[in-house]
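Trainee: Each chain is listed here by its residues.
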Amino acid sequence: MMGTGGLSLDQAPPIDIPARFFLTAPLFAIAAGLLLAWQGPTLLVSRWMPGALAATHLIAIGYLGLIMCGALLQMLPVVAGAAVPAVRLVGTATHLLLTVGAAGLAWGLAGSGPTLIRVGAGAAALGFLVFVIPVGIALVRARGAPGTLLALRTAALALAVTVALGLLLVAVLQGWIRVAEHTRWVDTHAAWGLMGWVGLLVVGVAVQVLPMFYVTPTYPAPMRRWFAPAVLVGVGAASAAWIMGADLVGQAVFGTIALGFIGFAFITLRLISLRERPRLDPTLLHWWAAMLSLCGAALAWTFAAPPTLIGVLLLVGVGVGLPAGMLFKILPFLTWFHLQHRQLGSGRFDLRIPHMGSLLSTRWARVQFGLHLLALALLAGSLWVPVLARPAGIALALSSLVLLLLLIGVARTYRRFAALLRPAPSRAGPQT
Amino acid sequence: MDRTLDVSDLPAPEPMERILDALADLPPDDRLCVLHRREPYPLYDMLRRMGYRWEISSEDDRYRILISPVPKHQRPVSRLRQQGASRF
Chain A
347 MMGTGGLSLD QAPPIDIPAR FFLTAPLFAI AAGLLLAWQG PTLLVSRWMP
397 GALAATHLIA IGYLGLIMCG ALLQMLPVVA GAAVPAVRLV GTATHLLLTV
447 GAAGLAWGLA GSGPTLIRVG AGAAALGFLV FVIPVGIALV RARGAPGTLL
497 ALRTAALALA VTVALGLLLV AVLQGWIRVA EHTRWVDTHA AWGLMGWVGL
547 LVVGVAVQVL PMFYVTPTYP APMRRWFAPA VLVGVGAASA AWIMGADLVG
597 QAVFGTIALG FIGFAFITLR LISLRERPRL DPTLLHWWAA MLSLCGAALA
647 WTFAAPPTLI GVLLLVGVGV GLPAGMLFKI LPFLTWFHLQ HRQLGSGRFD
697 LRIPHMGSLL STRWARVQFG LHLLALALLA GSLWVPVLAR PAGIALALSS
747 LVLLLLLIGV ARTYRRFAAL LRPAPSRAGP QT
Chain V
12 MDRTLDVSDL PAPEPMERIL DALADLPPDD RLCVLHRREP YPLYDMLRRM
62 GYRWEISSED DRYRILISPV PKHQRPVSRL RQQGASRF
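Heads up: the protein sequence lines correspond to chains A and V, in order. Residues in the first sequence are numbered consecutively from 347, following my numbering. Residues in the second sequence are numbered consecutively from 12, following my numbering.
Keep in mind that the hints are not guaranteed to be accurate.
To be verified - Computed spacing ranges between beta-carbons, pair by pair: (1) A:G716 x V:G62: 44 to 52 Å; (2) A:L626 x V:G62: 38 to 46 Å; (3) V:E66 x A:R768: 51 to 59 Å; (4) V:R49 x A:L626: 55 to 63 Å; (5) V:E70 x A:I479: 53 to 61 Å; (6) V:E50 x A:R768: 28 to 36 Å; (7) A:P360 x V:V81: 52 to 60 Å; (8) V:S19 x A:R709: 42 to 50 Å; (9) A:G482 x V:V81: 44 to 52 Å; (10) V:D13 x A:R761: 34 to 42 Å.
By construction, these hints were calculated from the structure, which means they are not laboratory data. Backbone N, C-alpha and C fix where the C-beta goes; we use that ideal spot for every residue, glycine too.
Model the full structure from these sequences, guided by the hints.
Mentor: Below you can see the structure in the form of structure tokens.
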């Protein structure tokens, strides 16, 4: 089969592997919304509230972790030309462990005790480990799109550091080891997770996906080449300084990285505005909202706004919104792509495969975006007007529910057509 | 008669969708001339198995792909179907 220049089915994993990650993830965002609706304003009093810690990990591991891992398993063979070893086994184990881990860790952090924290963190860490080793092997072997590849490699490295720091924090919580000023280690864990893993993965995906799906110009070459390694080195230097108590150095470097991400956000918005066929696509609305949230978070950090505001903007504004927007593209595209190739295999050229654009209702995708925006606005507002916290939780749960229903709709269409495209023995059998 | 289809400013995967639609509606002896911004590698496998042949010419970033049906008696249909079946 043709190997270069585009997606190749021989290299892509079976569709049910990424799909199960994508279809489970919204459940965790719904859970985070319901948790907020249930606990109300107390959850947002500080980032140390049990509810806040639980919601953070529901979103960071359950939602973001699942979507990012699923997308990476799908993207890696395709953009980097390197297959992930034993992808079915790796995908199944990672999905299971992360799902159990996120639920257990969140439940434990919400107040159900150290045993659940231990089990949850253990399962989540094992899940990431099972994922990062084969992905690491594939990344080392990989060739192809250098900009994307660099960002993916650095992101995988940042994930490994985030997980290691997370395990260290669990050990501290359990009283197995002691560290001076453990809040600084929490900051470092969050910085590696948000700037390194999530931030660089978003960069890697954007560099690849924006020109492909929206026909934008490509990102400037120096940015593709230097941004990801600079962020990685920066986060490393800043967190080392922060832990050692060199506050000024740490803050200066973190500030520079934040500026870098603002630059990335502006370049992204500029490229989107330069695309050849300007259509108002719901996924682009998510890109806009996420890039503006990113800038908002960086500004909030600069002006020493409450950490919960930064957390809300990064976790919900970028972390919940952007993956939702990307899923609106990725799942219909994969569905179309796999159906197209099933058609090749079955020889049923009389059947017309549905167009990618018709697989997901644009109107409902807009409704989803509207609910997401409402949730974000109410959440940010609730930091000053606490009574908004419960409606914010309900809006977050609703927007994630609509996301889930839209994705289920795409999956059902896939199943319907895949059944029609099963190769009939009389047509495709070896007797001819 | 040749029909021309310009897909050079369409996002993925609309070029492939439009090309397959146009081929389905193409009168038997006509050819389809596609203008694209890049070489559509995934399309070629599709065309080969659907019984089309193609010629490519390029100038800078513009690709012109001329697609025409392979006459029925020249198509190795059964062999291709076997390949297709073994893939899944």
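Trainee: Indicate, hint by hint, whether the structure satisfies it.
Mentor: Hint check:
1. Our hint of 44 to 52 Å for G716 of chain A and G62 of chain V holds, since their Cβ atoms are close to 47 Å apart.
2. Distance hint check for L626 of chain A and G62 of chain V: the Cβ-Cβ separation is about 39 Å, which falls inside the suggested range of 38 to 46 Å.
3. Taking the beta carbon of each, E66 of chain V and R768 of chain A are about 34 Å apart, not inside 51 to 59 Å as hinted.
4. As the Cβ distance of R49 of chain V to L626 of chain A is approximately 25 Å, the hint placing it in 55 to 63 Å is violated.
5. Distance hint check: the CB atoms of E70 of chain V and I479 of chain A are about 47 Å apart, inconsistent with the given range 53 to 61 Å.
6. One distance hint, 28 to 36 Å for the beta-carbon pair E50 of chain V and R768 of chain A, holds here, with the actual separation near 32 Å.
7. At about 32 Å, the CB distance of P360 of chain A to V81 of chain V disagrees with the hint of 52 to 60 Å.
8. For the hinted restraint 42 to 50 Å between S19 of chain V and R709 of chain A, the CB-CB distance of approximately 29 Å leaves it violated.
9. At about 46 Å, the beta-carbon gap between G482 of chain A and V81 of chain V stays in the expected band of 44 to 52 Å.
10. For the pair D13 of chain V and R761 of chain A, the beta carbons lie near 39 Å from each other, so the given range of 34 to 42 Å is met.
Checked against the numbered hints given earlier, this structure breaks hints 3, 4, 5, 7, 8; the rest are met.
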